[in-house]
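Residue numbers (our numbering), protein chains in the order written: chain A, 18 to 414; chain B, 18 to 414; chain C, 18 to 414; chain D, 18 to 414.
Check the hints yourself; a few may be wrong.
Since copy identity is lost for identical chains, a pair holds within one copy or between any two.
With a straight-line cut-off of 30 Å between C-alpha atoms, the simulated DSSO-like cross-links for lysine-lysine are [as the list claims (entries may be wrong)]:
id : residue 1 : residue 2
1  : Lys103    : Lys197
2  : Lys44     : Lys103
3  : Lys44     : Lys197
4  : Lys291    : Lys197
5  : Lys290    : Lys232
6  : Lys194    : Lys356
7  : Lys44     : Lys196
8  : Lys224    : Lys197
The hints are simulated quantities; they were obtained by calculation from the structure and are not laboratory data.
These figures come from a predicted structure and were not determined experimentally.
4 protein chains.
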Amino acid sequence: MLRFLTAGESHGQALIGQIESFPAGLKISIDKINRQLTRRQGGFGRGGRMKIEHDRARILSGLRQGITLGSPIAIIIENRDWSNWKKLMDPIRPVSSRLNARQKRLANDTTRPRPGHADLSGAVKYDTRDLRNVLERASARETAARVACGAIAGQLLEYFDIRMVSHVLSIGRARMKRKKIAFDEIVSKADRSEVRCVDPAVSAEMKAEIKAARKNGDTLGGVFEVRISNLPIGLGSMAQWFTRLDGALAAAMMSIQSVKGVEIGDGFASAAKKGSAVHDALYYKPSGSVRSRGFYRRTNRAGGIEGGMTNGSELIIRAACKPIATLMKPLETVDVINKSAARAITERSDVCVVPAAAVVGEAMMAMVMASAFTDKFGNDSLADIEAAFEAYLKREF
Amino acid sequence: MLRFLTAGESHGQALIGQIESFPAGLKISIDKINRQLTRRQGGFGRGGRMKIEHDRARILSGLRQGITLGSPIAIIIENRDWSNWKKLMDPIRPVSSRLNARQKRLANDTTRPRPGHADLSGAVKYDTRDLRNVLERASARETAARVACGAIAGQLLEYFDIRMVSHVLSIGRARMKRKKIAFDEIVSKADRSEVRCVDPAVSAEMKAEIKAARKNGDTLGGVFEVRISNLPIGLGSMAQWFTRLDGALAAAMMSIQSVKGVEIGDGFASAAKKGSAVHDALYYKPSGSVRSRGFYRRTNRAGGIEGGMTNGSELIIRAACKPIATLMKPLETVDVINKSAARAITERSDVCVVPAAAVVGEAMMAMVMASAFTDKFGNDSLADIEAAFEAYLKREF
Amino acid sequence: MLRFLTAGESHGQALIGQIESFPAGLKISIDKINRQLTRRQGGFGRGGRMKIEHDRARILSGLRQGITLGSPIAIIIENRDWSNWKKLMDPIRPVSSRLNARQKRLANDTTRPRPGHADLSGAVKYDTRDLRNVLERASARETAARVACGAIAGQLLEYFDIRMVSHVLSIGRARMKRKKIAFDEIVSKADRSEVRCVDPAVSAEMKAEIKAARKNGDTLGGVFEVRISNLPIGLGSMAQWFTRLDGALAAAMMSIQSVKGVEIGDGFASAAKKGSAVHDALYYKPSGSVRSRGFYRRTNRAGGIEGGMTNGSELIIRAACKPIATLMKPLETVDVINKSAARAITERSDVCVVPAAAVVGEAMMAMVMASAFTDKFGNDSLADIEAAFEAYLKREF
Amino acid sequence: MLRFLTAGESHGQALIGQIESFPAGLKISIDKINRQLTRRQGGFGRGGRMKIEHDRARILSGLRQGITLGSPIAIIIENRDWSNWKKLMDPIRPVSSRLNARQKRLANDTTRPRPGHADLSGAVKYDTRDLRNVLERASARETAARVACGAIAGQLLEYFDIRMVSHVLSIGRARMKRKKIAFDEIVSKADRSEVRCVDPAVSAEMKAEIKAARKNGDTLGGVFEVRISNLPIGLGSMAQWFTRLDGALAAAMMSIQSVKGVEIGDGFASAAKKGSAVHDALYYKPSGSVRSRGFYRRTNRAGGIEGGMTNGSELIIRAACKPIATLMKPLETVDVINKSAARAITERSDVCVVPAAAVVGEAMMAMVMASAFTDKFGNDSLADIEAAFEAYLKREF
């Protein structure tokens, strides 16, 4: 099964992403991967670290001459600031005694867990009182490796004309009120906005919210949406609870570091409506290309999933991000060593990461959908997948 | 790893649930399992079938003399109406030619897919034009097997004083406005309400909504909440995207047949707030029992999960159910044989299943948490789990 | 992924087999399943229980009117002797006080672990001193459920003209000396022999060995071979250590209750030869049907697997079974309660099960190969698998 | 679950190994890892490449200051000859036109599949006619990453006083005749022999065999054995076919590139003996340390596994390696482009790798056993594992 995993600490030498069972024969653009990494680093509201890093992916295996081999794809994203962190984070050597002032502060500043973060739970679980041992892996920096993997999965979907977009629906109290937003509008407008919102007026409100939060040493969350178009009917399965695609999508989204809620199609809103106003009536178009003819719907409240399977409509999924947990005006906490009341550590300084989280959301969707797609149509060679996919589309229904 | 799966069609001979890697040595009450099955069948808004069934679990394996053996636990729930369905659903023999009128209608009434259901996607995927071949497995009847498995997992958690409750927050437009609802209030009040809502006034509104919907041949959804108390810190892990417990919880909830949205803690609401108003400050209580002393929070907006791990607070998860997809005033659809416009089939007649879905939600949470618990503390014998659990609680922090 | 699991204790109510992700649209013969169950129960050297049982499979789910649905297939094999065991093995009720003499003996006779069996290790692991709690699941009786599942998988392979046979190469010291045995010879002769050996003279020797062992209260093992013909090239993968098909085959065979060794092709013998005498030179046949033309070998020392993948030659795998562990002249052991020296319990009375183990070996191979086949060609509907398979065979090479 | 995977092509930039769910808190020696890598590269019979490489592991993640963090451990082994291969193997850029003579030969020399290797099956499966696209991943060079991972797993086992050794039993026709070889003898003698055989006379025979094979442009295989001592009772489980430890061990060994046979304990030999001569009688020692008292056996024909679980005796597993598939006097084959008869490509020049394969065997056993161990005793922190392990050993039996 096509799947991926990552390794690496936030300030370690490098992040690693690895994709298993990716089909052979696909031409991969490294530029497209790097473009996604750049998108992940952007967005109004990011802190200073984003300027240092300029993440670049380097393929270590699984490709040759730009073409996938069918073997595991390993990607490395080196930490451009590693020389400054080596003394604190060396995998083998003890922390150096020759630290500069900043390093000394960082070395000692790891006993006051941040509310909202993995710090305390991880420290208890993994039996450590140096919270850096936990926060380095728990950090959302890890999503850079997800994005690199997702960018490869996305190129597979793209080959089959499956397109993906994302945009930001709200940041703090600033939100899109308009309900109908076309796929193409998102394509053309989201990346032009510093907050990845299609409406310039709402974008401006969002930026104002962020500025105000920054001023107060506070942080903001928001809601983003990912959409995928041109999917075939029947990815995922209703056969078993864990084969349902909506479950896999929800897990993928909820696993993103600040996400606290996920909904598909009309989601929570559908819970307040009547069945007759929620379900999408079916129609049939007898002619057209294999991908445009056949059954269709005029509405898409289901968000493209029925019975745990794609239904041919656009897949629409939204995720709610809580505000990030590191505050410049830190919250009350307790020192894990001496158990006295304290103020939480202040590891980094983004104010709002929702625009970036949306890019991570795309990556996660790309991985889940590439997995579902190759589950159904094979994952050995591109030629074989194409043959299976075409035969499926042509199978008379 | 402790996990479960189910088998069985809605009108087949039986549903089967199977649990793998359940620890040996736990005394299981069959009555408690049956009580959960009864709770799943209840709720104002259910149709006639609930009266026929009175599901009863029968243990086929994995227990002896009431005690788990460590071997796979198989549970069977026989279909009490099987004699009436045998001619249509026999696993081996072709559909009998000697059908009565109702059976004839059912046999022929399977070509007009219901919007909102698995019917069409499943038919395309599995290459059938007899929608019964799909809808029988896709039906939420399958959740009876989930509930039986969950009732066993729940008894493991209960042994370790981990408690679980659920209640209904909204049905259609009728909703709880009060935010603060204590765990014990749910324990004492939810099951007394026919809609499993703790507030009698809101319960009455909910019932009124259901009555109105039924009158109009329409259906309703709603929102339910599951809570789990007394969990240790550190279940789940931030180590990898797919080891995060929030992802597993989201997948489990989203896999329930009508669920379209899931949120943990303040969920979507937290996206509109500032970080300083969302994260839960930490405090420390130096004395008390091993399970009451130590770190604690005065608020619980995180819903018990930080960094993909339990943090010791109550776990709070909500799910939004869309209205059920079978309408007595059916929606427009297309016949899969002749492709002409039609009205969808009307397989069964519940108006609202949210109270039952909440019971299913408990079962899914029980399975996920029993799995996370035994992942951490072992799953061979109860004695060994106890030893590991106690050692963990006592490990000084 | 197509996979299966089982549940059930040896003297419990029933054994359950469950297959996941089996494709829709295949016509299944229940008679063929039962024929495999009968083959598993046969063989010279079996004890009395085989006469009681006459296992019959009953499909509980996943089929309708003889055709697979794509949903989980659950099979039940009821224990025909359950009424005699209910008092000892009731899943819920304590052991009845009203036992007859034989039942009393069985109830008390469970503290002296048999060398060679799971008894002691299982008792320590699962924290029980009633060895029946372990031996009931560890018993090879469980393989009846494997055989039922394998018989379904075998019908899928058969649909694609993939054939499977098994035969016995040795029992005790009696062994086939002839090396070259054609597939068709096994088809025509193995099942005619009471010991499933193709050579009547060796069959006679094997039976003599068994008779002698029975007389001495002893038991015998032996070696069996499973072969599969007409496999496509490229099942399994060299991409990762755990995707190699030879590893999966070895695990499947080694998991059979008495198996202590597995080899593919020339196996251990190839370790003593030179490379030039081991590897199979390649040739090419430009014409013929898609399944007969192309690359071929004149020898098959590799046993059909190179680089962890099928190579188009016959797959040949052998397994060594140790003698069964229950001796009528029991070995020395130690009572788990009072720790005094004792003689091991004598639960059942087969002398030699190698002919039956070969049937189990077929079932395991069928499951592994059906899984590898559907991994490559899809597992949703038979029509789609056929299309993908044909396209693969026709892809010019 | 503790598990590992690898990435990387034989002549790519680097090999990557990644271990998931490794417990936090273990001090890791990088020297011990490198020592295993050196052992893997040694052995009489290796070709020239071994001299170039001198593999060194570099930890990329999962450790800090020499201590494991609980997060994924990524290890990189860079290809020291990468500068010479870059033009042929660049992951992104097409093959350079400026190749030197050797590179030109290598670039063109990839269409004549080697019998015995993955070349042909992989080329068909992954739809390529450049066999380098297959052989680079299929190559046993990949085992360097396995060994690095295994060396980490081995340090976990070592912490719990579980020891592992390997030695070579035969190469070609030269073989150890003596049956009884003590664990400590292997410890002290195997690594002193260039062929890792404990008997100097047999070592000399083995070397003579290798020299003769080299002279003839031929290759040799052999049999190696891995042993593990001081294991607790009850790792693995008889509960399900795929939870049996013997199956997992067999898969791990059979997945090593040249292995064609695996046996545990007396293995194939036990098939020819009587039950009374195969099973290991049980005895009891009432006093001693928690790890030496209790049940024991005077024989160990079972090789430490009964019922799919460890039984407390030494675990003994043997694997048969076929001769390596690249011959300097190449076998007949067929060109995949023009389909004409040809001689197979001659990619590298080891004559015999059995001593190295034994080191790989240790690594695979270390991974499987570390996984089984942490499955039973937890895999979060070393402190918790110790507590669970001690409680288990002390649990009275």
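Hints versus structure:
1. Lys103 with Lys197: Answer is neither: 50 Å inside a copy and 48 Å across each miss the 30 Å cutoff.
2. Lys44 with Lys103: between (36 Å within a copy, 19 Å between copies)
3. Lys44 with Lys197: Classified as neither: same-chain Cα gap 35 Å, cross-chain 47 Å, threshold 30 Å.
4. Lys291 with Lys197: So Lys291 and Lys197 pass the 30 Å test inside a copy (20 Å) and across (27 Å) alike.
5. Lys290 with Lys232: Between. Shortest inter-copy distance 16 Å satisfies the 30 Å Cα cut-off; intra-copy 40 Å does not.
6. Lys194 with Lys356: The answer is neither: 46 Å in one copy and 38 Å across copies each exceed 30 Å.
7. Lys44 with Lys196: neither (37 Å within a copy, 48 Å between copies)
8. Lys224 with Lys197: Close inside one copy (23 Å), not across copies (33 Å); limit 30 Å.
When the structure is compared with the earlier hints, violations turn up for hints 1, 3, 6, 7 and for no others.
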